[in-house]
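First to last, the protein sequences are chains G and A. What the first sequence shows, in this note's numbering, is residues 15 to 429, in sequence order. What the second sequence shows, in this note's numbering, is residues 457 to 642, in sequence order.
These are calculated hints, taken from the structure and not from any lab test. Every residue gets a Cβ at the ideal spot worked out from N, C-alpha and C, and that includes glycine. Take the hints with a grain of salt, since some may be wrong.
[As the list claims (entries may be wrong)] Pulled a few chain G residues facing chain A out of the computed Cβ check, cut under 7 Å:
#1 Pro35
#2 Asp37
#3 Trp163
#4 Gln354
#5 Asp358
#6 Gly395
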Amino acid sequence: MGMTMIEKMLARKAGLPQVAPGDVVTVEVDMCVLIDLQFATLWMQPSRIHDPDKVAVVMDHAVPAPSLKDAEGGPRARKFVADFGIKRFYDVGRHGICHQIIAENGLARPGEVLACTDSHTCAAGAYNTAARGLGPAEVYSILCTGSTWFQVAPTVRYEFGGALPESVSGKDVFLHIADAYGDAVNQNLEFGGSGLASIPVGDRRTIATQAAEISADFATFGVDDVLRDFLDRHGVTGYQAAEPDPDASYADVRRIDLGILEPYVARPGTVSRNGVPVSQAERRRIDQAFIGSCANGQLDDLRIAAGILRGRKVADGVRLLVTPASQEVYREAMRRGYLQDIADAGGVVTNSTCGACFGYHMGVLGPGEVCLTSSTRNFTGRMGSTEAEIYMASPATVATSAVTGVITDPRSLTS
Amino acid sequence: MTTTIRGRAWVFGDALNTDAMYPAFAMKLDIPEAAKHVFYQVRPGWTSQVRPGDIVIAGKNFGLGSSRPVAQLFRHLGVAALVAEEFNSLFLRNAVNAGLPALPAPGVTRLFRDGDQGCFDIATGTYRNETTGATGQARPLPPLVLEILASGGVLPRLAEQGYLPAELADVLRSGAIPADAGSGGA
Ligand code: SF4
């Protein structure tokens with residue numbers, strides 16, 4: 015019987031002709047990405063590792079160090095990369111959020127396996143990579159041994175048709191899927207179809223990233239001309255893409271007409287069956303607007319935000335925080351004037367880090383506050399107080415709402 | 457290793473996420489301090505009631521969220537096993553890798569109430585509520601997972617295989633520090 019995209023990848027990496035849901039397979043891991051937090055608590059340097067060329071270390075979650083504990087992690091990370099000759103080290107100044115660094119530096123390759131200590135590692139599925147977030151102990155184990163195991167889960171395929179309308183982004187596609195179909199616990203997601211061509215690679219990454227929010231295992235996209243072009247530009251060559259067999263067996267196949275989608279917002283707590291088109295949403299007053307994170311701090315996101323904010327002002331009583339996903343995004347956004355537009359409008363541009371996304375530093379919410387975020391996760395308490403409410407939407411919706419002060423459809427803004 | 461786990465049950469609801477068990481502010485604390493905040497939103501004060509050997513039983517989509525090492529906190533509190541209607545796979549892996557048994561058991565929350573005595577065999581999947589006499593059957597954990605648990609988690613296993621400096625391997629074997637290698641992501 016045929017295999018789905020992820021089954022193809024896992025079978026290949028396990029050296030098996032065939033895998034099926036339920037199978038437990040041991041696979042070789044092509045790239046193992048460690049993050050700063052791993053070094054901050056209980057780090058112990060191994061006596062040997064599998065292969066320094068298959069390791070990257072990214073300083074992202076808590077940089078520059080907001081606490082003594084994080085500050086103590088930095089030197090351990092630097093010692094580790096020096097001792098083992100790890101070349102892919104993204105220290106403060108050439109850093110970025112791990113999933114952005116993975117994208118910019120071509121660390122995720124089609125048909126290969128990538129592991130990282132952040133739960134949104136499924137992001138790299140946008141590049142046809144079997145990528146997963148794993149716990150620190152497991153990533154450590156992969157660092158040492160170069161392999162790990164997976165239990166193959168059933169796959170749900172999303173077949174995109176039509177084309178993405180103007181002002182509708184990957185975030186909206188995801189929020190629609192999460193609202194319409196709910197959780198995907200112990201399922202893999204696969205995305206393809208003729209409509210894929212209208213979804214830019216950055217937006218595909220937003221969708222893949224957020225698969226973690228509906229509890230999915232892997233989330234992978236097929237390889238098309240748009241992706242091939244992206245990979246070429248990032249120096250990714252000589253790969254063996256994984257495409258599903260025509261007779262692959264799916265838990266479900268769901269058709270999405272991109273052409274009829276509109277901007278969405280998820281209400282506080284979860285994205286699962288908790289969204290609504292912004293046009294029908296309550297016009298809730300907001301205290302904080304956040305554009306950032308691995309999902310939506312990309313250059314295109316900043317371009318869209320700057321376009322909306324140029325010549326406008328952030329509403330009184332609203333804090334707009336903008337966090338570029340990497341130092342490279344920051345520098346390019348500065349060169350292109352996006353940061354100027356954002357700051358002129360009254361927004362605060364921060365250095366690249368995870369920061370407000372996980373309520374750790376730079377933009378923690380207080381009790382009773384309402385935040386509209388373009389980041390990845392809207393759990394209660396995620397960004398600070400458990401008495402704060404977190405709505406989630408696209409950068410366009412967040413920027414527009416920062417200007418009006420209430421949750422607002424980006425299509426309603428007149429020039 | 458014995459694959460049978462006996463203990464007092466604590467029963468929780470659906471979709472308990474990692475941020476509810478290991479909030480960001482607790483990530484700035486050491487493990488013993490951080491462990492005081494497990495379930496701080498859903499059941500404040502629980503960490504002073506839980507006793508070593510207790511079993512946490514949860515509903516669907518247990519552990520949705522981050523890779524942060526929540527299992528370390530449960531181990532610190534002495535929790536003997538996690539059982540749930542359904543686990544987020546990352547959360548289940550993290551538990552197993554930390555040496556904490558985690559058994560998916562559909563239907564389990566209907567058979568248990570807080571304080572009931574439970575007995576779970578992770579190798580056969582059979583379980584029993586010793587207070588009420590009700591029994592259930594889950595799918596046994598795969599052999600590879602049982603092996604990791606028998607080693608006490610991945611780190612003791614790596615120590616056995618010589619990946620860790622000898623002094624650390626000794627400390628790990630003594631169980632003096634939790635079997636983890638750093639804090640997880642978000
Ligand atoms: S930005 Fe948020 S979701 Fe993305 S890697 Fe950082 S903490 Fe995780």
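Classify the hint on G:Asp37 as holds or violated, based on whether any CB of chain A lies nearer than 7 Å to its CB. Violated - the Cβ of G:Asp37 stays beyond 7 Å from chain A, reaching only about 9 Å at its closest.
Taking 7 Å as the limit, does the beta-carbon of G:Pro35 come near enough to a beta-carbon in chain A? 13 Å, violated
Interface hint compliance - G:Gln354 to chain A, C-beta minimum distance less than 7 Å: At about 30 Å, which exceeds the 7 Å cut-off, the nearest Cβ of chain A leaves the hint on G:Gln354 violated.
So, as I understand it, the hint says G:Asp358 touches chain A; can you test that by seeing if any CB pair is closer than 7 Å? 31 Å, violated
Cut-off 7 Å, beta-carbon criterion: hint that G:Trp163 touches chain A: 6 Å, holds
Does the closest beta carbon of chain A sit nearer than 7 Å to the beta carbon of G:Gly395? 6 Å, holds
Going down the numbered hints, you'll see the structure goes against 1, 2, 4, 5, while the others check out.
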